[in-house]
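Engineer: Take the two lone chains and join them into the complex the hints point to.
Protein chains in written order, with our numbering: chain A, 139 to 254; chain B, -7 to 107.
Simulated from the structure, these hints should not be mistaken for lab results. Just so it is clear, CB atoms sit at the ideal spot from N, CA and C, and this is done for glycine as well. Some clues are possibly wrong.
Unchecked claim - Derived coverage of chain A by chain B (criterion: at least 3 residues anywhere in the stretch with Cβ under 8 Å from a Cβ of chain B; other residues may be distant):
| # | segment |
| --- | --- |
| 1 | 170 to 181 |
| 2 | 189 to 199 |
| 3 | 242 to 254 |
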Amino acid sequence: ETGVTQSPTHLIKTRGQQVTLRCSSQSGHNTVSWYQQALGQGPQFIFQYYREEENGRGNFPPRFSGLQFPNYSSELNVNALELDDSALYLCASSLKRFGIEEDGYTFGSGTRLTVV
Amino acid sequence: AQSVTQLDSQVPVFEEAPVELRCNYSSSVSVYLFWYVQYPNQGLQLLLKYLSGSTLVKGINGFEAEFNKSQTSFHLRKPSVHISDTAEYFCAVIPTTDSWGKLQFGAGTQVVVTP
Chain A
139 ETGVTQSPTH LIKTRGQQVT LRCSSQSGHN TVSWYQQALG QGPQFIFQYY
189 REEENGRGNF PPRFSGLQFP NYSSELNVNA LELDDSALYL CASSLKRFGI
239 EEDGYTFGSG TRLTVV
Chain B
-7 AQSVTQLDSQ VPVFEEAPVE LRCNYSSSVS VYLFWYVQYP NQGLQLLLKY
43 LSGSTLVKGI NGFEAEFNKS QTSFHLRKPS VHISDTAEYF CAVIPTTDSW
93 GKLQFGAGTQ VVVTP
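Pulled out of the complex, with its shape left as it was, chain B reads as follows (with noise of 0.2 Å):
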């Protein structure tokens, strides 16, 4: 069975600021990572996955998530946030050995962004 973790389910931060969600899995095989972004009233959007390859991924809108298979994390990064990154990031892993393809997300962590 996986579990995926997010370790704060709210980060305030600062316009132009940095900022990091983290993630952290439990699996006894290996996964498929993912970042997404659910904006208000809207589903869901991809902001990056990790497949295999290079652990630092990086994605749409200036984020970026590394890898580390020995801490099973995955983390999201953006060096300077804006405004309009107000919403709520989800985590979510597919098992390799998955035949459906079946996403299983984290809780979310909601990031509000104050000028």
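So here's chain A without its partners, still in its complex pose (with noise of 0.2 Å):
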């Protein structure tokens, strides 16, 4: 399977909800990112799998979790959602756990998440 796909592609919660965000990385890819993107900003991160296992985390709060699956898939999901977490959420994976080598890491399209 080639590219990265994320689901859904727009998402609308209520405030104090609760979100699983989906993502279908490249065959043999282990490391997965994730980052938020708010609106006229650069993403920034929120944290990276490797293997199954959490090896970094960005400045977010401990209500935005995530899983990583032996078959390439991965979820963030966000607990008790504030507005201030209306942003597109990326999905990145990296065949190399680092990912700056060869072609580094491939970006899903998203999801933008609204919250009401």
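Structural biologist: Quick look at the structure:
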């Protein structure tokens, strides 16, 4: 399977609810990272998984959590949604652990989350 | 800590004219440097990267960038743009000491190409 697929493409949630975003990475890509891109800003690193273990986390609260599965899929879960969580959430996968070799990270098209 | 500054939030340019997008970074350690492009409603696509070696880096779609260590800059250039180059462009760094390969992005530069 080629490319990175994210679902859903758009989502509207109410403040206080919980949401799960999904990502299907390229086969063989053991590293997956999640980024939050607020409107008009660059993407901000949320966390990274390597072979199903979290191995890096950005400046995001614990209500942002994730999972990576053996079939190269992953999830981003956000609990107790706040209005400021409205953003585009990007998933990126890499063949190598650090993502700087060869083609680096392959990004999905993102999930646009709106919290009302 | 590192920071990435893209000096222009928006760059209007006519078709077939040259364009330069400016990127400066601040870091206490050496960094790897990247330029990504984001077309409307799409994810990020890698244009080019600097890891080491020649400071002039050539990427896809006719883009190139030059790493200037003394000025801590990594400006992106294209000698002749097309309408299809209309997109958001992001400069990003990864510190060489980063054990996770975490990308740190600038705020982006919107390029609008008009006929």
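Engineer: Are the hints correct? Go through all of them and say.
Structural biologist: Hint by hint, here is what the structure shows:
1. 170 to 181: holds (count 6)
2. 189 to 199: Result for this restraint: holds, n = 3.
3. 242 to 254: Coverage by chain B holds for the segment 242 to 254 of chain A (6 residues, Cβ < 8 Å).
Violated hints for the displayed structure: none, as all numbered hints are satisfied.
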